[in-house]
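J.: Listed below are the residues making up each chain.
There are 4 protein chains.
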Amino acid sequence: MANGVNRVVLAFSGGLDTSVILKWLQQTYDCEVVTFTADLGQGEELEPARQKALLMGVKPEHIFIDDLRDEFVRDYVFPMMRANAVYEGQYLLGTSIARPLIAKRQIEIARQVGADTVSHGATGKGNDQVRFELGYYALNPDIKVIAPWREWDLTSRTRLIEFAEQHQIPIPRDKRGEAPFSTDANLLHTSSEGKVLEDPWEEVPDYVYSRTVNPEDAPDTPEYITIDFERGDPVAVNGEHLGPADLLAKLNDFGRTHGIGRLDLVENRFVGMKSRGMYETPGGTILHLAHRGIEQLTLDRGAAHIKDQLMPRYAELIYNGFWFSPEREMLQAAIDSSQRSVTGTVRLKLYKGAAHIVGRKADVKHNLYSADIVTFEDDQGAYDQRDAEGFIKLNALRLRLLGRRDR
Amino acid sequence: MANGVNRVVLAFSGGLDTSVILKWLQQTYDCEVVTFTADLGQGEELEPARQKALLMGVKPEHIFIDDLRDEFVRDYVFPMMRANAVYEGQYLLGTSIARPLIAKRQIEIARQVGADTVSHGATGKGNDQVRFELGYYALNPDIKVIAPWREWDLTSRTRLIEFAEQHQIPIPRDKRGEAPFSTDANLLHTSSEGKVLEDPWEEVPDYVYSRTVNPEDAPDTPEYITIDFERGDPVAVNGEHLGPADLLAKLNDFGRTHGIGRLDLVENRFVGMKSRGMYETPGGTILHLAHRGIEQLTLDRGAAHIKDQLMPRYAELIYNGFWFSPEREMLQAAIDSSQRSVTGTVRLKLYKGAAHIVGRKADVKHNLYSADIVTFEDDQGAYDQRDAEGFIKLNALRLRLLGRRDR
Amino acid sequence: MANGVNRVVLAFSGGLDTSVILKWLQQTYDCEVVTFTADLGQGEELEPARQKALLMGVKPEHIFIDDLRDEFVRDYVFPMMRANAVYEGQYLLGTSIARPLIAKRQIEIARQVGADTVSHGATGKGNDQVRFELGYYALNPDIKVIAPWREWDLTSRTRLIEFAEQHQIPIPRDKRGEAPFSTDANLLHTSSEGKVLEDPWEEVPDYVYSRTVNPEDAPDTPEYITIDFERGDPVAVNGEHLGPADLLAKLNDFGRTHGIGRLDLVENRFVGMKSRGMYETPGGTILHLAHRGIEQLTLDRGAAHIKDQLMPRYAELIYNGFWFSPEREMLQAAIDSSQRSVTGTVRLKLYKGAAHIVGRKADVKHNLYSADIVTFEDDQGAYDQRDAEGFIKLNALRLRLLGRRDR
Amino acid sequence: MANGVNRVVLAFSGGLDTSVILKWLQQTYDCEVVTFTADLGQGEELEPARQKALLMGVKPEHIFIDDLRDEFVRDYVFPMMRANAVYEGQYLLGTSIARPLIAKRQIEIARQVGADTVSHGATGKGNDQVRFELGYYALNPDIKVIAPWREWDLTSRTRLIEFAEQHQIPIPRDKRGEAPFSTDANLLHTSSEGKVLEDPWEEVPDYVYSRTVNPEDAPDTPEYITIDFERGDPVAVNGEHLGPADLLAKLNDFGRTHGIGRLDLVENRFVGMKSRGMYETPGGTILHLAHRGIEQLTLDRGAAHIKDQLMPRYAELIYNGFWFSPEREMLQAAIDSSQRSVTGTVRLKLYKGAAHIVGRKADVKHNLYSADIVTFEDDQGAYDQRDAEGFIKLNALRLRLLGRRDR
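Protein chains in written order, with full-length UniProt numbering: chain A, 1 to 407; chain B, 1 to 407; chain C, 1 to 407; chain D, 1 to 407.
Extracted from the complex, chain A is given alone in its bound form (with noise of 0.2 Å):
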């Protein structure tokens, strides 16, 4: 495949690990480089990323600065967030549903420049390289991919330093050294891992944290929140209307405030090993809460327990990096037509590091909770307390006749 690379589109984030790819593939492939730069909301500066690729050979027109907040959050948060998606019980997959976004600017970049390849900075052993990698395919059958960290032999920090160093590449300081742990962001969550994370019995160090204030440094007095949602995706916080990546940038000051979803985890990833990482989604735990609290009054059991059949199967597919296939695409089906109605609104507390839904409500259009129908005393026949001894009975039949048959 390493022949006949002509043109490469690039994740680049500016980095120097992003770097030294960029310089290896000319080097390597004697090919030219176009750079593909994403605001996801990461919270970095991306001009200097523009700089760096200029420093190093790339044409203007060569380099893609892309601000994918609201696509990012509108069209891969959301959906996802409908799904009240959790990997292993925990995750809410804050890494995993960028790389599909990333994947698909990338491949639509190289349609536009003429690229035959593109190539990306996820390690060999990490869950990435997959995402990005089947998201190319999908998405371009033919298209030729470079994973750098699968072909150098840049594999320690040492000779990546090296090569930098060889290559003018400028070196951060603080990259100098080894790195305490690695890092990866965007406005949905940054997670860390590696290093000082390594052994699963040691807590987390405080300063791996840079979303979310330390729970023991939270305000002492709660704050509540609204947040509105419409169909099943959030439109309002305390009643002020904002766009998707607004809205989930709002609850990340909530949440960083008070401390909220920070997220100790070992995991399984999908190429085979456990690794222990460091979650924080401020926003996203929030969210996350907030739209369970109104599908427990808009949405129907039945619709709501099919749901949480197929959740943990389409948070393996986001995970794995299925993204963009039919199945991911079936299921998505399946829980969209589920979110008509589920509009209203969801009052939260925010304390010390954790978010408690403290009440909900919706329009009569929206509402399935009904007050009369649950009271203990006399009622006018929307519900006969008769009709539960026919209902028992015949749940019970089958377990009768076992019975009888076992005794």
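All clues stand as given, with none of them false.
Partial list, derived from the structure: chain B residues whose beta carbon lies under 7 Å from chain C:
hint: 1; residue: 300
hint: 2; residue: 301
hint: 3; residue: 368
hint: 4; residue: 387
hint: 5; residue: 389
hint: 6; residue: 390
hint: 7; residue: 391
hint: 8; residue: 393
hint: 9; residue: 394
hint: 10; residue: 398
hint: 11; residue: 401
hint: 12; residue: 402
hint: 13; residue: 405
These aren't lab readings, by the way, just hints derived from the structure by calculation.
A virtual CB, placed ideally from N, CA and C, is assigned to each residue, including glycine.
Got chain A sorted already, so can you dock chains B, C and D onto it with the hints?
T.: What follows is chains B, C and D alone, placed relative to chain A:
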């Protein structure tokens, strides 16, 4: 079914409602009533129940008061915890899991005393009637069941009080007026519903909680605890080995202190309506989390994911009252077969209303996590990064074929 | 519920049972009866139903006779076939799928004529009462339902005949005595149960079958047919384009001739008991098989496997009467989203009681099968055999880590 | 991995391909080859394999020829049949289920003779390489694996023949030219694929079938047989008790005679492509059907439906090679726990290419079917038809609430 009732085993708490039922059964069916009062850790004195029963003419040998705490936790709570069972994403099934055991003992006692009928105090609108009666019928298909709340005309609190007064049934002062909510309790949890809780937009008033302090009143300093697991079940807290009930009680103490395990939920009842309830599951919340923590280290991905996929159905079965069903037993067999190596220690941080996993360890015979394999640097062949290419290529093949076709 | 019945829409076949019901409703409820007779392809003349209704005093404008064959096949049978739905491994749901449509029309007619009540002739032990009534309630939550078989005292055939005689209801000669079995029929299938079929060890007598010849009497020479599919639905047989009902009728002819689609089944009813029935689904059996055949060529593995995993639940929903439920609609949305490219032709061999797929083809816009890729010999890089090593190694990794631990 | 190979246990059929592999291994790796030939009922003489191995220099004590037929059927085929396993709706997994046993014996022999490596003759495009190797790695994580078809350059039939000629490997006359298709066989089935089968529109030529007569040539008179089951496994045919392998062989005879169990399939391989194959599973087809028949009478609905829902995933695991995985074992535990009472007799009619259940019976300790309960006429209270109203009303409640809201 009312006809020919000879002797009835009543699930008798000693409270006002079941006292009225006792009398009503004696009167309406002209039958002998046998009382069964279980200590499931609800935290009430049980001797008063004996006195009340005697007063109402129950024969001493027909008064059964059993301490079922260890059986409850060992044979019901722990198996359920092995499954990481949660109903509708949040509810730890504290009421649901107690009903089968009560039903089982009632049927045993009925056999012992030659009773042909059992009775309970659950209302005609709730889930508990279903859980009790499915248990009864599964364990004795020919048993007769009397559910007074579905039969009698004491359908308002006022009429109930009148009946009690007419029959000299002592009425606790706080039951004279309308109770502001109704509760259920056992070692695993407390639940409350009705009246002041019926508007799902209104925050649950603090006085409804009885098992946990308000997180705002919890200590300002986090507390760290460890839980040891063997084959999926907890066996020690902070290194101290404890029997099932004592262990859960210990965790309840920790949870109470730190305000952990409060849940405000609108849930879907099996009988078809939505209801709003408040649950406190202090120790159970900690245990549930800790069990996930130890599985992270000791459970294979294939097993973990199948478990996650089966869990919602398993939880639904317990919620709906199908504990004694072949399908629950099948799922339990699957779950239990996965727990052989779920042995090790989890460390948790308890603080202001939430528990967090901060560490987990397991010895070499149980641990599946290896820092060597995930490390970013050179390694010695346990994992060859080049394998990832083939892995991705073959996972992508069908997506590429799809992509080619759909272009 | 009995009180205040004003006008009733009765699902009226014109047979003895529903004629007795008609009269009984008029008498018992002193209400106006509106009859609804559907042509679902059951193969009976419907005009006699009109005459009977008129005779029994139903107003001409209150007699509804609708040809629903195309709607039945297009909107009920075909969507179900897209799912490859089979209940308990064998039953093609021929009765279950007809009930929702009848219920829907009854509710529509009730709205039209201002009726407050609907009624049907299903017994109190079967599934059909559930299917009808769940349909009624889903489509009009305030409708009243009368199920005579659960109410009246005509609980033996003798008493029913007596009632008919008393009220001058004509009794077909073959209904005078005990029918040897009871049947239901529509364009998709015929079902029979009861009496001579009740011993599940006894072979179903040949005279019970009405839609298919005995395979032993079928032609000694196989017949080959083709079915064309578009987007998951059949559109032509042997190249001839046909509307939904005509197409199914055509396949029924082929099935009848070759004795295809007989099923002797002991099934689990939703109401809790096992029953033994005989089904004939000649065209449906061929169609079900053919749909699998075209999916083999045009459906991606991921989609196909999710479909197979969802199918049993989907079939159960239809069997239990939950056609008009959010969860059935969710599953349908998932299934339908997979059928976009299920277009092509299947060739089948029909012979002596069985159909066999012998060929399938699809054009390049729909086909996913490629002989080039599977071929054993050299190829040009679509598939690199060396990729398989990495694929296997990473799939094996977790098993190897397990193996190491467990040694 | 190639380096340091010392002794290799080769899965050796004695045919041309594995003979070439034997020689190639000796030559390429300069290692000692140990041959393992299993009798899985493929219907070939095994002694010639010994002679060939001796001729090619394998030491007598390094030639293993084992009759694994009973182990194969008892420990692999029967457990799978308990699950009613079918892949993609049609395939009875005849090849898939044999691979784990071969892998297991190879690993055992490797341990016994001190070999560090195993090898097989499966190609680089098929599923079997995966099934073999996942088995190897699961059972010995440190084993080395050589898959010659992925390594060597004998990638065309011509080169393979040349290599054989160069090394005096005897070439059967029918292998000189291009084989018209390739096959695999064991006691459960025969599979064929490739060449003449590659066009999925072309009917499989009759000469490809070797295990079954053409249905058109089968007897003109049906034959009836009975199969007795105990705890989910077949134990007797026509009343004659038989060991596992003999029983399956007996059913194969019946199936062969009546042309039963032919399948023409386009399936989705785990490695990502579609392939077209032909399978003959005469006895297995009868057994699969009969097992469903006895479950109809003896298995509870709850158990049956969970089984149906788990089955597609279980079948996929076997197809993909994950027999020795925790998740397959979990599902097996669930399945097996349901089979305690699956005991009784099924009667089948075999005729012209198809088997049909015509009767099933079980004694009172195993039977769950009761004609009394389903009967249409009066009964004595086992089932009260009025219970159905309550059952339906509560099942409908949520649909009514939905209906009210959505109006």
